[in-house]
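Those sequence lines, one after another, are chains A and B.
The numbering of the first sequence is this note's numbering, which starts it at 382 and goes up by one.
The numbering of the second sequence is this note's numbering, which starts it at -2 and goes up by one.
Honestly, I wouldn't trust all of these hints.
The list that follows gives simulated cross-link-like pairs (lysine to any residue, SDA-like), each with its CA atoms no further than 25 Å apart [as the list claims (entries may be wrong)]:
#1 K22/B to K476/A
#2 K94/B to F416/A
#3 K8/B to K520/A
#4 K520/A to K3/B
#5 K476/A to I206/B
#6 K397/A to D57/B
Since the hints were made in silico from the structure, they are not lab data.
Letter by letter, the chains look like this.
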Amino acid sequence: MTQKSQGDIWKEWATKAQKGDKEAYNLLLVDILPFIRGRLAGSLANEDWVEDVAQEILMSVHKSLHTYAPDRPFRPWLMSIISFRKTDFLRKYYKNKKVRESVGGHDKTFDKYVTDPQYSGELKDIEAALNDLPEKQKKIFTLMKIEGYSAQEVSDKMGMSVSAVKVSAHRTANKLKEKLG
Amino acid sequence: MDLSEKEEKTKNVISGLCDELCVVKLSPHPLKRAILWCSLGFAYIGVCLYMTRIRNDILDKLVDFSFVFELMLTLSMAVSAGFCAFWLCVPDMRGQKWMISVPTTLFAVLAAWIGLQTALLSYEFPDIHWHTCYKEAIMFGVIPAIAIIVLSLKGKTTHPALLSIMNALAIGGFGYAAQRLSCGSDHIGHICAYHVFPYFLFALFCVFIIRKIYRW
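Next comes chain A alone, as it looks inside the complex:
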């Protein structure tokens, strides 16, 4: 007896799902999720984005299930949706001028030598200096300057105004400069 390939199994589940089989549909979505994450992981910068786009892809699969032809392989159909959603996500992301400016700002912060092992001692000093700061200031600085969130995103997270977030990050940077000489 020949063993079915993953593509054949997906095809079978997709065909059953089109007939309203919820169990097969659940199996299909659960099984394609690691594949989707794997395809996205190589081209998206962080895991949060991967998860966001993966959710959008699952919803797109649901919306376009009627366009899948049971006589065709499932994987190329899914790959087209993955590629479309990924491009769409990146297009929207880079279209956002504020984010673009924010990314430009980070370029200055993340100069090449920051991750260079010979500067790891300095990195530890920065971490120690950060730990001495009040929790709120530390969080804002970490989110904006280390994790790469825009001022708008941080303000949404913290429930503060954008200008207050920017002022806080700026003051923290100045404090760190003073501390580290």
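Could you slot chain B onto chain A? The hints should help.
Same frame as chain A, now just chain B:
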């Protein structure tokens, strides 16, 4: 929201989608839609030409190589672009991505053909004013355009820009051919200003507006 919360949300999305699932009505094969649209397009333009007028020198023109070549080129571009549009309504184009090269090549040949005529024949750009050819361009173009857009919306494309370009080529091709059959002028300036220009505007409309409608 941290990563584990997002993963939890993804699980919830999956269970939500499974709950929503009902029997899906499959999209018809793109060939069926393409044949339907092309038949309707030809029939509509035939009726329009019958109701308006066919150029008086049509019998002479049908033995003129350059006229017949241009007409065949335009119609084949329109039909192939129509077919491509319906294949593009399926995310992976059913594996037939090569199809895109047919209308784009034909369009390149048509553009070169018109460009060559413009360069070789005496080109005088006429004064732009409201002309019966514009009215005919609208008449030939609007109904097939609505039909192709409505039919395209029934699918889910992963190439909205390409789909809108194919729509523009299909409508432009049909309309241009119909205008060459109805308008008696072969002057290249007139052709550019009154036959090509309206479809050029339609192409811009497709590329900037219709493309957005196809996003999902």
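Against the structure, the hints come out as follows:
| no. | hint | verdict |
| --- | --- | --- |
| 1 | K22/B to K476/A | violated, 36 Å |
| 2 | K94/B to F416/A | holds, 23 Å |
| 3 | K8/B to K520/A | violated, 29 Å |
| 4 | K520/A to K3/B | holds, 20 Å |
| 5 | K476/A to I206/B | holds, 17 Å |
| 6 | K397/A to D57/B | violated, 60 Å |
Checked against the numbered hints above, the structure breaks hints 1, 3 and 6 and satisfies the rest.
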